[in-house]
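K.L.:
What follows is the residue order along each chain.
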Amino acid sequence: MLTDGIEVPAPSRFVSNEKVDEIATRCNQAYRTRRKGNPGYPVDMDRFIDLLEVPVIREEIEEPEDAAFFASYTPEDGGLITVNSRHEELFVSRPDVYAACLGHEAGHRVLRHSEQPVSDDDASRLPNDVPSHQQRLLHKSSWHQYGLSRDEVGKMIERRNALRDRLVRNALVNEKARQALEQMNNRFEPEWMFRQAEHFSLCLRIPHDCLSEMLKEGWDFTGWAAVYRLAERFGVSGTMMKIRLLKLRVLEVGADGSPRPCPPIAQVGLFD
Amino acid sequence: MECDRLTFGKTLQRLRREKDMTQREVAQAIEMDYSYFSRLENDRFDSKPTRETIDKIAEALGCTEDERGELLAAAGRIDEELEKAALIAGEKPALGKLFRAAVRLPLDRIEELADQVESEVENSRKEKQRRK
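Those protein sequence lines, which keep their order, are chains A and B.
First residue of the first sequence: 1, per the numbering used here; consecutive thereafter.
First residue of the second sequence: 1, per the numbering used here; consecutive thereafter.
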């Protein structure tokens, strides 16, 4: 399997971004080795998932009103990624969104999120809830990363919050509302799993070593053009590349909203 | 004895991966709905795909005759020659009994038996010729 020889720590909210980055980069390197001659970008996510030996199925995932699930990961029986066929049109028109979804689900798989014991799970879990590893890990919509506009994201969140408020108001007197609310609460992965899976997807598709090598070419980060050109090379959205560069402190955004290169940080040992 | 035969979906998935094709590429090549193909690979249908569908898939994947046979067998669609043999076995109960008994034997024993039968057929043919 692709991940053979890659050490992945027990799943925990305390696994750092650096560790996730390291694991994702190792996965990308294994992908390059298997796909001889591939430079590591853009990552063909369908083939990556095949190398990971996870079956993929496309079928409709039911969505509560005003919520969108792009994909999910079911750990049982060796694991299964379900891609929500309701969004097929979006996936065809925005292959970067599709790839990001698969990257996220691959993150759940590689980071062994299904092995998470119930006791260390989200604090919001109710005592009678079904343990998370027996459910699908539903993909929360990370709209910003997919390059959707602030307005679109705002409206999406607003609609979801309004629905939740409505359900909360009715939950005490209406059984159906209570069930719908529980469904919403139960079926989303805990926040830390979501963040780790998102970070994995980001790092897998923009591997650290490849990016570092490319940055040596010298890029002008005083405007967004360089970010978009880099994004194109890696087959990711401009927003995704921006996030990667910000997280790696290659780039920062000034008060006026325009980018600029980050000043290098002096590496000082803890006990120097 | 535990049956280690793969399902149709698993067989298809293994062959597709070996051929380095994605679900989308195969589905497009045979003009099949992508979702439908993914459900085939995950054994989500009660009935098995038709011989025609299997032939199309095998062609798109560039399967060898053996690989095509694997797909057909996994779908429970034995090849045409065997299908004829099964029909004859249905008409001759003793042959059916032999066939059902042999199925439980390990492969090498079946081959031994087949050699033995072939040799007996050959001997009886020679015997007939000698009598003539």
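To be clear, the hints were calculated from the coordinates, so they are not data collected in a lab.
Using N, Cα and C, we set each Cβ at its ideal position, and we do this for glycine too.
Treat each hint with caution, since some may be false.
[Stated by the list, open to error] In silico DSSO-like cross-links for lysine-lysine, where the CA-CA straight-line distance does not exceed 30 Å: (1) LYS56(B) to LYS10(B); (2) LYS84(B) to LYS36(A); (3) LYS56(B) to LYS92(B); (4) LYS216(A) to LYS247(A); (5) LYS48(B) to LYS92(B); (6) LYS97(B) to LYS48(B); (7) LYS36(A) to LYS19(B); (8) LYS10(B) to LYS36(A); (9) LYS128(B) to LYS56(B).
[To be verified] Just a sample of chain B residues kept apart from chain A, beta carbon distances all over 12 Å, derived: (10) GLY9; (11) ARG14; (12) ALA27; (13) SER35; (14) ASP43; (15) THR50; (16) THR53; (17) GLY62; (18) ARG77; (19) GLY96; (20) ARG104; (21) PRO106; (22) GLU127.
K.L.:
Verify the proposed pairing of LYS36(A) with LYS19(B), using a straight-line Cα cut of 30 Å.
P.N.:
holds, 15 Å
K.L.:
Does LYS247(A) lie within 30 Å of LYS216(A) when you go C-alpha to C-alpha?
P.N.:
holds, 18 Å
K.L.:
CA of LYS84(B) to CA of LYS36(A), is that 30 Å or under?
P.N.:
violated, 46 Å
K.L.:
Just double-check THR50(B) for me: nearest Cβ-Cβ distance to chain A has to come out over 12 Å.
P.N.:
Nearest chain A Cβ is 21 Å from THR50(B), so the label holds.
K.L.:
Please settle this one: GLY96(B) was flagged as non-interface, so is its CB more than 12 Å from every CB on chain A?
P.N.:
holds, 36 Å
K.L.:
Does ARG77(B) sit more than 12 Å from chain A, CB to CB?
P.N.:
Non-interface label on ARG77(B) holds, nearest chain A Cβ at 22 Å vs cutoff 12 Å.
K.L.:
Using Cβ atoms and 12 Å as the threshold, tell me whether THR53(B) really stays out of contact range of chain A.
P.N.:
holds, 18 Å
K.L.:
Is LYS97(B) within 30 Å of LYS48(B), Cα to Cα?
P.N.:
Holds: LYS97(B) and LYS48(B) sit about 27 Å apart, inside 30 Å.
K.L.:
Take a quick look at whether LYS56(B) and LYS92(B) sit within 30 Å of each other, Cα to Cα.
P.N.:
Violated, because 34 Å separates the two Cα atoms, which is more than 30 Å.
K.L.:
Please check whether the beta-carbon of GLY62(B) is more than 12 Å away from every beta-carbon in chain A.
P.N.:
Non-interface label stands for GLY62(B): nearest chain A Cβ at 17 Å, farther than 12 Å.
K.L.:
At 12 Å, judged by beta carbons, does GLY9(B) keep clear of chain A as stated?
P.N.:
Violated: least Cβ distance 8 Å, not greater than 12 Å.
K.L.:
Would you check the hint for LYS10(B) and LYS36(A), treating anything up to 30 Å between C-alpha atoms as holding?
P.N.:
Since the Cα atoms of LYS10(B) and LYS36(A) sit roughly 25 Å apart, the hinted pair holds (cutoff 30 Å).
The structure fails hints 2, 3, 9, 10, 11, 12, 13, 14 (numbered hints given earlier, in ascending order).
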